[in-house]
Amino acid sequence: MAPPTDGREPMHQSPQDAARTSPGADPAAQDGAGADDRRRIMATLATADATRLGELAATLPMPTGHDLIRPAETGLIMARGRMGGTGSPFNLGEVTVTRCVVRVKSGEVGTAYVLGRDKTHARTAALIDALWQNPVHRPVVEACVITPLAEARDQARNTLRQETAATRVDFFTMVRGDN
Amino acid sequence: MYVAVKGGEKAIRNAHRLLARRRRGRTDVPSLTLDQIAEQMALSVARVMGEGSLYDEALAALAIKQSRGDLIEAAFLIRAYRTTLPRFGYSEPLDTGAMLVERRISATYKDLPGGQLLGPTFDYTHRLLDFTLAAEGEPELEEAERAALTDEAMPRVTDLLSEEGLMEADPLPEEGHVVGDLTRDPLSFPADRDLRLQNLARGDEGFLLALAYSSQRGYGRTHPFTGEIRYGAVEVEFFAEELGFTLTLGEIRLTECQMVNQFNGSAKSPPKFTRGYGLVFGQAERKAMAMSMVDRALRWEELGEEFTAPVQDTEFVLSHSDNIQATGFVEHLKLPHYVDFQAELDLVRRMRKEWFAARERRDEELGLAAGKDQEAAE
Numbered sequence: 001m002a003p004p005t006d007g008r009e010p011m012h013q014s015p016q017d018a019a020r021t022s023p024g025a026d027p028a029a030q031d032g033a034g035a036d037d038r039r040r041i042m043a044t045l046a047t048a049d050a051t052r053l054g055e056l057a058a059t060l061p062m063p064t065g066h067d068l069i070r071p072a073e074t075g076l077i078m079a080r081g082r083m084g085g086t087g088s089p090f091n092l093g094e095v096t097v098t099r100c101v102v103r104v105k106s107g108e109v110g111t112a113y114v115l116g117r118d119k120t121h122a123r124t125a126a127l128i129d130a131l132w133q134n135p136v137h138r139p140v141v142e143a144c145v146i147t148p149l150a151e152a153r154d155q156a157r158n159t160l161r162q163e164t165a166a167t168r169v170d171f172f173t174m175v176r177g178d179n
Numbered sequence: 001m002y003v004a005v006k007g008g009e010k011a012i013r014n015a016h017r018l019l020a021r022r023r024r025g026r027t028d029v030p031s032l033t034l035d036q037i038a039e040q041m042a043l044s045v046a047r048v049m050g051e052g053s054l055y056d057e058a059l060a061a062l063a064i065k066q067s068r069g070d071l072i073e074a075a076f077l078i079r080a081y082r083t084t085l086p087r088f089g090y091s092e093p094l095d096t097g098a099m100l101v102e103r104r105i106s107a108t109y110k111d112l113p114g115g116q117l118l119g120p121t122f123d124y125t126h127r128l129l130d131f132t133l134a135a136e137g138e139p140e141l142e143e144a145e146r147a148a149l150t151d152e153a154m155p156r157v158t159d160l161l162s163e164e165g166l167m168e169a170d171p172l173p174e175e176g177h178v179v180g181d182l183t184r185d186p187l188s189f190p191a192d193r194d195l196r197l198q199n200l201a202r203g204d205e206g207f208l209l210a211l212a213y214s215s216q217r218g219y220g221r222t223h224p225f226t227g228e229i230r231y232g233a234v235e236v237e238f239f240a241e242e243l244g245f246t247l248t249l250g251e252i253r254l255t256e257c258q259m260v261n262q263f264n265g266s267a268k269s270p271p272k273f274t275r276g277y278g279l280v281f282g283q284a285e286r287k288a289m290a291m292s293m294v295d296r297a298l299r300w301e302e303l304g305e306e307f308t309a310p311v312q313d314t315e316f317v318l319s320h321s322d323n324i325q326a327t328g329f330v331e332h333l334k335l336p337h338y339v340d341f342q343a344e345l346d347l348v349r350r351m352r353k354e355w356f357a358a359r360e361r362r363d364e365e366l367g368l369a370a371g372k373d374q375e376a377a378e
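Quick note, the sequences are listed as chains A and B, same order. Take the first sequence: its letters are residues 1 to 179, numbered as in the numbering used here. Take the second sequence: its letters are residues 1 to 378, numbered as in the numbering used here.
Zero decoy hints are in this set.
Some chain A residues judged to face chain B by a derived CB distance under 7 Å, without partners named:
| no. | residue |
| --- | --- |
| 1 | 84 |
| 2 | 85 |
| 3 | 95 |
I should point out that these hints are in silico values taken from the structure, not numbers from a laboratory. All figures in this text were calculated on a predicted structure; none of them were measured in a lab. Beta carbons are placed, not taken as given, at the ideal position from N, Cα and C, and that holds for glycine.
Bound conformation, chain A alone (with noise of 0.2 Å):
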């Protein structure tokens, strides 16, 4: 028996499965930074708060002069769910979100995915993707915004994780005469 399909459409099928299975696809993965690299740096973009990545991006060093390849663009993206959470999918509803390619003077191809409308976040996205794919500048735009970023983020999460297990309901390991 063929192994069961995430009931993707067949039309979608073939080249989607084809690149997943296949790392070499992924043009990051050719100067040392692999594509797991790559699709680290663009969560952080894609989850970034959008002024402070605007903030942090005016903070680097080199030129960021860049050429539209695909001016930013507003779509929707069906979000899928699993039945039961782990089953079939089925579509759950819509989301939107904005794209962007850009080309930077060294020659790099930045793109960027970005939920919500917002054209200046997916521009900027797409630049900074752009100039990480630069092993010169690698460094730079990870100290510069990148880890900046991921840690913003990590913090935001830690505190929202802090406060909700101050919520935590725990009936069997409760300490008589603790106060």
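Given chain A, put chain B in place with the hints provided.
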């Protein structure tokens, strides 16, 4: 039938101008900002995103402002807006197991791995109006308490039972099955569970609530336990064909409900627990619970149960759950139906004429008969 009318342009223009003024209200009261709505009316925003079937908090806040707080009108505005945008594709299925949990409770286990986290809930509040909110300005807020974190995993409660085989497994995708999409093809019957869940996820909260309630009161037999409710942020991932890999686009907040039902077993399957599933945009616990109960009830055929109640009637439930369609059809009745009504008027006049004529004839016949009877008696 609605027949087009013309005229009234000036009145319509003036009505809209008046609406704009009434929407704004008294100008000495500050205008609402979208941030205020998104932050302080977050549960209304969640409802509009869910029923509008589009996750975008700022758009939902705008729709609420424009619709004067009419949430069905706001969802309508969202549905209309989405048609103006191109579709980039489908996300990877969301992994609610990896949720950044802000609330997670179970009514089936007191002590479960990862713990019961109440989070920001109305549960256990006394439902007393807080008049400090009515005073100008907000009361001083206490800093939220924080507790140390453990690395304890937070498995779904339903996964705990499935290890023993007591819980039905999640259905695996059938080979070649194309996931149904109501935004592409109109609803048709019989509707598979994927279509049903999409329909319910964007269905009217009130309608689903009433159906779920009916199932508890005896219209359809469900004996549900809340296996788990969790609320929090989940990353949305998308396979970008031009890049050849899967990207994280950002996070959305979701409420998931796993409702557990007893199942006595059938010839094909031993007794075990079965499940209904609810998944909704934003913090929308009531809707997620109702959705999971209705989902379970609609599975009667697959589980070999008896059909006894409205909540099990797929066509009835799915055809009437969408409040945009419902409001369209109900509210269209207020549009001019003059030609239609004129025809009905003529018809009723003719029927009345015939009715009176018939009564007159009958009275005459009765009168004659009565006269004869009287003669005979004398």
